[in-house]
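As given, the protein sequences belong to chains A and B, one line each in that order. Counting with this note's numbering, you get residues 1 to 154 for the letters of the first sequence. Counting with this note's numbering, you get residues 1 to 419 for the letters of the second sequence.
No lab work stands behind these hints, which were simulated from the structure alone. Glycine included, every Cβ here is placed at the ideal spot set by N, Cα and C. Worth double-checking, as some hints may not be accurate.
Stated by the list, open to error - Residues from chain A that keep clear of chain B, each with C-beta distances beyond 12 angstroms, as calculated:
hint, residue
1, Lys15
2, Arg16
3, Lys48
4, Glu70
5, Arg88
6, Glu98
7, His99
8, Thr108
9, Asp111
10, Gly123
11, Ser152
What the hints assert, rightly or not - Straight-line alpha carbon distances no greater than 30 angstroms define the calculated DSS-like cross-link-like pairs of lysine-lysine that follow:
hint, chain 1, residue 1, chain 2, residue 2
12, A, Lys95, B, Lys357
13, A, Lys95, B, Lys225
14, A, Lys104, B, Lys125
15, A, Lys15, A, Lys48
16, B, Lys28, A, Lys15
17, A, Lys15, B, Lys245
18, B, Lys263, B, Lys273
19, B, Lys125, A, Lys113
20, A, Lys15, B, Lys263
21, B, Lys263, A, Lys95
22, A, Lys48, B, Lys354
23, B, Lys354, A, Lys104
24, B, Lys245, A, Lys148
25, B, Lys146, B, Lys34
26, A, Lys95, B, Lys140
27, B, Lys225, B, Lys28
28, B, Lys34, B, Lys70
29, B, Lys187, B, Lys66
30, A, Lys104, A, Lys148
31, B, Lys146, B, Lys44
To be verified - Only part of the chain B face toward chain A is listed, based on derived beta-carbon distances under 10 angstroms:
hint, residue
32, Gly124
33, Arg128
34, Lys132
35, Ala136
36, His159
37, Val196
38, Cys199
39, His242
40, Gly313
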Amino acid sequence: MLTQENLNRIEEIRKRYATSQAALLPVLWIAQEQEGWISEEMMREVGKLLDLPYGHVLGVVSFYTMFHSEPLGKYHIEVCTNVSCMLRGSDGILKAIEHHCGVKPGETSADRKWTVSEVECMGACGGAPMLAIGEEYYEGLTPESTEKLLGSLK
Amino acid sequence: MERYILPDIPGYSAIDVYEQHGGYGALKKALGMKPEEVTDEVKKSSLRGRGGACFPTGLKWTFMPKQSTKAKYLCVNGDESEPGTFKDRQILELNPHALIEGTVIACYAMGITTAYIYLRGEYGKWIRMLQKALDAAYAKGYVGEKILGSGFSTNVYLHKGAGAYICGEESALMNSLEGQRGYPRVKPPFPAQFGVWGCPTTINNVETICNVPLIINKGWEWYSKIGAAKHPGPILVGVSGHVNKPGVFEVPTGELLTDLIDKCAGGVPGDKKIKAVIPGGSSTMILRGEAIEGVRMDADSLKAAGSSVGTAGMIVMDETTDLIRVISRISKFYYHESCGQCTPCREGTGWIWKILKRFELGEGQMKDIDLLMDIANSIEGNTICALGDAAAWPVQSMIRRFRDEFEKRVKPAAVAVAS
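Using the sequences plus the hints, can you model the full thing?
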């Protein structure tokens, strides 16, 4: 269920667009921000709110890689392995992450502390290799600094 | 050269510092001109889009109908996702007001009352920086109702994407903005006739828009003398990969690639030889290291060298680089990002990646090299949007220019193994 505060935010956002459908991405962002992921129940609620069929909402959620239809671990580690990062050692960064978190890309640890994802270029090629946790970018990494970073997360 | 898009001024992202250095002066000047005079100025400046296609910006603006019964829209494309490209992020962080000022001027020139700046979802932190700048600009009357006491009003909204490379394609961006899957549209109709919600729409890249205040301030004659005559202006070049000081560098167009690598990015670590350079983001054709001598960062020079400017995201690879791994990784990217509408791209990108994985493991076959070329040729030009071409060009150029790298990874014939 979207909170009243978020429903108010959504009312404001809708005014920016010519159709209510156009508010779908911003509303899904709010839903995900509130719950950490987007459940089927939430997709149905968003659909009702914006007068869209559930199938449309599901279609959009499943198209965009940043919308999660399953809950993630407490920390979502996204490591870029695209060319610029690969050339500067993202293999070693990924290995350090797998070692520390005990999971492979695409998996969540049993204690639900970590979700690890191998991602496409994040636009931080000047700071390669890099990883992101939430909205925070960590650049110029080494396997050692990666270990240290992950170790600092409680 | 003095820097204009990313000036070396501390605190420039704050509105008062921006104003102290003449910020929003171009907007004041533009509001005193006729809208068509503003467009004319941009047209004469020869500014070309910085998002990859190098299309003349002023000309694009003239495609918008002057009279329209429907609303008109501007979309500013900040869905920067091309591997090797990280310039727009610098603008959001260091010079957000140039983006806002340029957006409002563009709206005035085309008679647009609503603009959306579409930003890639991963840039959440930088979107907040831009929102803060936008709020400050609204508070000072540079955006919103009756701007600076004139009769002109326009709203600017930020729209956050959600992790789809394809939404950087202008028609996919519009569908995404409409709350749909980011599927590119068949063109024609072009956006200026049938864009967002079927209304006349112009789409410009973030960096392109940031050049507009500069042109209005200094005049088209001044601007058109910077850098390469047919592709002038300052350009943000990202240099990444095997260089000592990777980063974004503002230079005049027409800078030598070798100078960008050696003088801007500090050369190659260990003074190793350069094996290959991708000059403008992962979709641009790869060049052999020895072929970059004398090549310049502008549309004509790179075209003559057999590649393109793209988004000016250079990736430098030294002599130790495994190019098969590079092309395999690039192909995985396009396979992942193909929206799936067109069969050649949806299927072909997957086949290419699978075959390249075989080469990576040393299990390629000689006939696979031609098969890769055949698949890439079947994708190129046969899809709704340019993602198909973007997936094909790196493969085609890699085979053409580094065929020996593929041949080295062919599995020795059974006979040879037996002996």
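Consistency of the hints with the structure:
| no. | hint | in the structure |
| --- | --- | --- |
| 1 | Lys15 | 10 angstroms, violated |
| 2 | Arg16 | 5 angstroms, violated |
| 3 | Lys48 | 15 angstroms, holds |
| 4 | Glu70 | 15 angstroms, holds |
| 5 | Arg88 | 7 angstroms, violated |
| 6 | Glu98 | 18 angstroms, holds |
| 7 | His99 | 22 angstroms, holds |
| 8 | Thr108 | 18 angstroms, holds |
| 9 | Asp111 | 26 angstroms, holds |
| 10 | Gly123 | 4 angstroms, violated |
| 11 | Ser152 | 19 angstroms, holds |
| 12 | A:Lys95 - B:Lys357 | 20 angstroms, holds |
| 13 | A:Lys95 - B:Lys225 | 50 angstroms, violated |
| 14 | A:Lys104 - B:Lys125 | 27 angstroms, holds |
| 15 | A:Lys15 - A:Lys48 | 17 angstroms, holds |
| 16 | B:Lys28 - A:Lys15 | 28 angstroms, holds |
| 17 | A:Lys15 - B:Lys245 | 45 angstroms, violated |
| 18 | B:Lys263 - B:Lys273 | 16 angstroms, holds |
| 19 | B:Lys125 - A:Lys113 | 23 angstroms, holds |
| 20 | A:Lys15 - B:Lys263 | 49 angstroms, violated |
| 21 | B:Lys263 - A:Lys95 | 34 angstroms, violated |
| 22 | A:Lys48 - B:Lys354 | 42 angstroms, violated |
| 23 | B:Lys354 - A:Lys104 | 21 angstroms, holds |
| 24 | B:Lys245 - A:Lys148 | 24 angstroms, holds |
| 25 | B:Lys146 - B:Lys34 | 16 angstroms, holds |
| 26 | A:Lys95 - B:Lys140 | 50 angstroms, violated |
| 27 | B:Lys225 - B:Lys28 | 24 angstroms, holds |
| 28 | B:Lys34 - B:Lys70 | 21 angstroms, holds |
| 29 | B:Lys187 - B:Lys66 | 21 angstroms, holds |
| 30 | A:Lys104 - A:Lys148 | 19 angstroms, holds |
| 31 | B:Lys146 - B:Lys44 | 28 angstroms, holds |
| 32 | Gly124 | 4 angstroms, holds |
| 33 | Arg128 | 8 angstroms, holds |
| 34 | Lys132 | 14 angstroms, violated |
| 35 | Ala136 | 19 angstroms, violated |
| 36 | His159 | 7 angstroms, holds |
| 37 | Val196 | 8 angstroms, holds |
| 38 | Cys199 | 8 angstroms, holds |
| 39 | His242 | 6 angstroms, holds |
| 40 | Gly313 | 7 angstroms, holds |
When each numbered hint is compared with the structure, violations occur for hints 1, 2, 5, 10, 13, 17, 20, 21, 22, 26, 34 and 35.
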